[in-house]
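Peer 1: Sequence:
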Amino acid sequence: MKKNVLIIGAGGVAKVVAHKCAQHNDELGRIAIASRNISKCQAIIDSVKAKGSLKVPAQIQAFALNALDVEATKALIRETESQIVINVGSAFLNMSVLRACIDTGVAYLDTAIHEEPGKVCETPPWYGNYEWNHLEECKQKNITAILGVGFDPGVVNAYAALAQQQHFDRIDSIDILDVNAGSHGKYFATNFDPEINFREFTGQVWSWQDSQWTSNTMFEVKRTDDLPVVGSQNLYLTGHDEVHSLSKNLDVPNVRFWMSFGEHYINVFTVLKNLGLLSEKPVTTAEGLEVVPLKLVKAVLPDPSSLAPGYTGKTCIGDLVKGTKDGQPRELFIYNVACHEEAYAETDSQGISYTAGVPPVAAALLVARGEWDVQRMANVEELPAEPFLKALDVMGLPTRIKDEKGDRAWDAIA
Numbered sequence: 001m002k003k004n005v006l007i008i009g010a011g012g013v014a015k016v017v018a019h020k021c022a023q024h025n026d027e028l029g030r031i032a033i034a035s036r037n038i039s040k041c042q043a044i045i046d047s048v049k050a051k052g053s054l055k056v057p058a059q060i061q062a063f064a065l066n067a068l069d070v071e072a073t074k075a076l077i078r079e080t081e082s083q084i085v086i087n088v089g090s091a092f093l094n095m096s097v098l099r100a101c102i103d104t105g106v107a108y109l110d111t112a113i114h115e116e117p118g119k120v121c122e123t124p125p126w127y128g129n130y131e132w133n134h135l136e137e138c139k140q141k142n143i144t145a146i147l148g149v150g151f152d153p154g155v156v157n158a159y160a161a162l163a164q165q166q167h168f169d170r171i172d173s174i175d176i177l178d179v180n181a182g183s184h185g186k187y188f189a190t191n192f193d194p195e196i197n198f199r200e201f202t203g204q205v206w207s208w209q210d211s212q213w214t215s216n217t218m219f220e221v222k223r224t225d226d227l228p229v230v231g232s233q234n235l236y237l238t239g240h241d242e243v244h245s246l247s248k249n250l251d252v253p254n255v256r257f258w259m260s261f262g263e264h265y266i267n268v269f270t271v272l273k274n275l276g277l278l279s280e281k282p283v284t285t286a287e288g289l290e291v292v293p294l295k296l297v298k299a300v301l302p303d304p305s306s307l308a309p310g311y312t313g314k315t316c317i318g319d320l321v322k323g324t325k326d327g328q329p330r331e332l333f334i335y336n337v338a339c340h341e342e343a344y345a346e347t348d349s350q351g352i353s354y355t356a357g358v359p360p361v362a363a364a365l366l367v368a369r370g371e372w373d374v375q376r377m378a379n380v381e382e383l384p385a386e387p388f389l390k391a392l393d394v395m396g397l398p399t400r401i402k403d404e405k406g407d408r409a410w411d412a413i414a
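Counting along the sequence shown from 1, when you hit position 378 you're at 378 in the UniProt record's numbering, and nothing is skipped either side.
It should be emphasised that the hints constitute simulated quantities derived from the structure, not laboratory data.
Be aware that one or more of the hints could be misleading.
[As the list claims (entries may be wrong)] EDC-like cross-link-like pairs, simulated, lysine to aspartate or glutamate; straight-line CA separation at most 20 Å:
hint	residue 1	residue 2
1	K2	E81
2	K322	D175
3	K322	D169
4	K314	D225
5	K298	E280
6	K402	D226
7	K55	E346
8	K74	E137
9	K248	D169
10	K325	D251
11	K51	E342
12	K390	D407
13	K281	E136
14	K141	E371
15	K49	E346
16	K55	E27
17	K298	E200
18	K325	D225
19	K248	E122
20	K2	D373
21	K295	D373
22	K405	E331
23	K273	D193
24	K314	E263
25	K248	D210
26	K3	E81
27	K281	E116
[Unchecked claim] Now the in silico label distances, taken between C-beta atoms and shown as ranges:
hint	residue 1	residue 2	range
28	L68	E137	47 to 57 Å
29	Q375	E79	19 to 29 Å
30	R36	E290	13 to 23 Å
Glycine included, C-beta positions come from ideal geometry on N, C-alpha and C.
Assemble the whole structure, with the sequences as input and the hints as a guide.
Peer 2: In structure tokens, the structure reads:
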């Protein structure tokens, strides 16, 4: 049984992770939060204590850490006696933190795929460029490393696995639909790290179609769907992490990711991109200063965690799955609806952070209990879906299914 959690990162998602770990600290044990900015870690601890989130009295501490420093990360893992590391820092940290976990023999969990600062939209499958290079090492050393266990990637991977295992004999397509129908009231902002957000949209859009990688440009392909609670929404074909593992692990010929965007977001994004302000390549000003335009844009935009107090509305994220069952065509939508206001009331965070932050704690609980302590590297769709979805049901992210039989809880008898 693994115990004691080290949370790396101090943004909005880390805050949710801390609150949820505290709510289950009778099983997860001591909590440590580390980032380069120790004051942000302490602010999260203050929020946890103010909300009374600790289930039982226990230690929760803040630490200063540059997680790119593998030796420093290893030392902190040992100092805190952490057996589970939840990495919700920048995607640039993944390989460093994973290395520290492998070297110290502890479980590793993250919520997004690794990225290199100077590279955007690399050749697919993205996991094959970094994470999967350590598959054999994790297996040989009995290291549990669970990749992409946020919501998307993460929960949507479990949805796809559940659909394949219980609802279809053959799946022809999985379309992941991600809608944020909330409003933060700002002129322009991103719901998570602006640098990572924009990097997703400035390169090629890779999707898995007809069992091969297909390239489009951002906002080139559009669809409109009428979804539960949030209604009719415009969604655009977008590149995303989970496509790169689902295409490998589930033997489905079409796997695509779609995200909703309003016209205002598209217009501002287009201007920024056309001006070169979303470039990750350094430029030199007339004064001789070297500046990375994307980092400058990030610096002037609102911190995503600052959006939480005034955020209203709901999200709807799920998998639209089509195929056959018992020789008949079948279609279902397996999904979750989350509320920004409810997320803030519970964790001082907005709904996007909530949907990303709850799943890794559910996964940590399954690792602590032994159900997901698989002692190898795995993407979520390779792990038992039912215990994960059951944990999420009671932790604030219940799953529903909509099909020809109606709209119901995922485990209800139709």
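Peer 1: May I ask which of the numbered hints given earlier this structure violates, with the numbers listed in increasing order?
Peer 2: The structure conflicts with hints 13, 18, 21, 28, although it agrees with all the remaining ones.
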